[in-house]
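So the sequence lines, in the order shown, correspond to chains A and B. Just so we're aligned: the first sequence equals residues 1 to 587 in the working numbering. Just so we're aligned: the second sequence equals residues 588 to 822 in the working numbering.
Accuracy of the hints is not assured; some may be wrong.
Claimed, not checked - Quick list of in silico lysine to any residue cross-link-like pairs, SDA-like style, CA-CA up to 20 Å: (1) B:K726 / A:P327; (2) A:K533 / A:K460; (3) B:K701 / A:V159; (4) A:K460 / B:K726.
To be verified - Quick list of simulated restraints, FRET-style, between CB atoms: (5) A:V159 / B:Q772: 27 to 37 Å; (6) B:Q772 / A:Q26: 16 to 26 Å; (7) B:K673 / A:A451: 47 to 57 Å.
Hint data in this document are derived by calculation from the structure and do not stem from the laboratory. Just so you know, even glycine gets a beta-carbon here, dropped at the ideal spot from N, CA and C.
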Amino acid sequence: MRTISFDGVIVGGGGAGMRAALQLAQSGYKTAVISKVFPTRSHTVSAQGGITCAIASADPQDDWRWHMYDTVKGSDYIGDQDAIEYMCSVGPEAIFELEHMGLPFSRTEEGRIYQRPFGGQSKNYGEGGQAARTCAAADRTGHALLHTLYQNNVKNQTVFFNEWFATDLVKNSDGAVVGVIAICIETGETVYVKSKATVFATGGAGRIYASTTNAHINTGDGMGMALRAGVPAQDMEMWQFHPTGIYGAGTLVTEGCRGEGGYLVNADGERFMERYAPNAKDLAGRDVVARSMILEILEGRGCGPEGDHVKLKLDHLGEEVLESRLPGICELSRTFAHVDPVKEPIPVVPTCHYMMGGIPTNIHGQALTVDAQGSDEIIPGLYACGEVACVSVHGANRLGGNSLLDLVVFGRASGLFIEDALKQGIELRDATTSDIEEANQRLISLNEGSAGENVAALRKELQGVMQNYFGVFRNGEFMQEGVKKLADLKERIANVHLEDKSNAFNTARIECLELQNLFETAEATAIVAEARKESRGAHAREDFTERNDDEWLCHSLYYREGQKVDKRGVNFTPRTVDTFQPKIRTY
Amino acid sequence: MLQVSIYRFNPETDATPQMQDYSIDTGGKDLMVLDVLELIKAEHDSTVTYRRSCREGVCGSDGLNINGKNGLACITPLSETVRKNKLVIRPLPGLPVVRDLVVDMSLFYAQYEKIEPYLQNDTPAPAIERLQSPEDRAKLDGLYECILCACCSTSCPSFWWNPDRFVGPAGLLQAYRFLADSRDQATDERLAKLDDPFSVFRCHGIQNCVNVCPKGLNPTRAIGHIRTMLLNRAA
């Protein structure tokens, strides 16, 4: 097997990966991005409503501390306060950098960046009413951001391995990560990509569910690779169900619709969020809105012949506002719901959207595990940022607009830290031939297998189990059944049959490898979801309906070996502000 | 049963490409063309090869030639394209085929990179954003939304003949996106690099690009603006 060597290798060409790559490319270190799709096809492109940050455009008095308060509250108090402090305080600098790079933000009359109201955003620590803090480029903010980052990587001559797929981490005899095995999809060649710093920016895994806003490519590749390499996963029970996925199609309708004045109605035409969240109404936290929608449906007030969805009303905003502020939504709604939002409400239903959990990291992107004494331990050579990472700034529930901020701020932070570490010199023992062979074992087994089940059928079964047993509302008995069903799938997915053994652009092979990553992500989710015996943020249990701070004001950790579940402390010690103490969370 | 005919070519086993036919039960639903491909790959033939990602028309992966017209498979409903129960899917024309419906887009991307698709402004950046009026920002609408799907450039006869020298509609749309940006200061350098007989002037106003753009953008109009700027510059 050929070896290619770099100072830094970034796996994933979405927003986080390209922001990290840009930082490293500017530093002059030999850097490469491995992306399974051409970078602008990454899922960041689908982000719509905006990037939340206190740049004080809409409100000159706005303060990053208010944003921090909202984010801590939104996380249901298991977001790490040092990380949230870092994100919210560094955010404005990171946003202005993007603007200087050319990001075509929408503008105010003063020529500043346009900001819109989003869910969970308040002024003055929840006392001053709704804040408009989400910076937007119409409703195509992710597209604008991703293309701007790609363009600036082109400018800085970043090396891209486009349509290459990383299969597994390579570790040396000290347990340090020293690169990845990767396949060139076009030719089928497998190489060892050696690196002093390996950054996972592989994104989410929404495809573990049957109904998701996520792209086909969101298959948890980083989670799979990390778990197989013995890296723990944190807070995997925390999955965000976005209130407004288009009914039937699953495609996203931005929260910005409600930010601009849209609202949800049930079959009676009632604006039901007034009952569930009297103050914030339709702009309560996403977990709160999603649950309220499901309750409306369960109580018989759903829309349509099956009574299985609600509607998002926008027509009262007028054609001009819709076409200028929400043009992409008008397009998506006409294509996928066959509804013109200028005239009729859009049928919507809560849909799997975002993985709050991921690889535990510190604010520099360094991946962490926990030692026998319960102290954090850095995993040498491995970094993570963006959705695959759990810094954790989102805790049990992410606020809208915070994912784009997360990926820009922590992609940048990872790049800055690695640049510094490379300057000081990184010495890692070389991987031996057997270390590399071990990492390549999964691919070899797949290539040599001659029996087993079809990838599409197994994937469908897996997605069905997750959808049915680990959805918006959860129940212990039911989840135990789901865990059993996953146990049944485990060997079958490990032995998935690859019929097509050809080399050139073999997407069937990639789909098999992706399915195994989906399984690792799903299994981690299921086991910790069953273990966390409380309701917090997005994790809502019918058998444990209350938040239990005595036992569960903590992160969950999951280790693949022995399916071990552990707890890890939440950071309550920001550097420059007082701790935000846990309170009852209402909107 | 929908009759689907797909362009097949595997460089490892096939000397020449051929069309392969499938009879597909759509369950009477008005599926998207991508759904049909996914159905075929899942249930009929796992070797059928194509690109896809977002499945909602924003990532630009699945530009294909569908019943003779370039478009995105994920947002083209059968009802819009199928006539006489027949769906013919070919790769985007004019680019080398890697396998089946996957084309080598290197030439397309090279033209994009050639126009230096990034903001150029050497003045020291302010502590906040650079200001831009809503009117100036509006000039970027219809330009920045390009998803690089290559439907336009691969439907353009001028690009077919000179893919190495004619920038093509997608690249030129982005060239104009930066020329039109009030924050960009490289107008003169940008125009100088486009000022030759091929880069811009090979556009003959055929407008296939406008006809196929899945995002409803108008590269021909942008090219017209660049032409005017070039002519004014020469005058």
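In ascending order, which of the hints set out earlier in this document are inconsistent with the structure? Hints 2, 4, 7 are the ones this structure does not satisfy, whereas the remaining hints hold.
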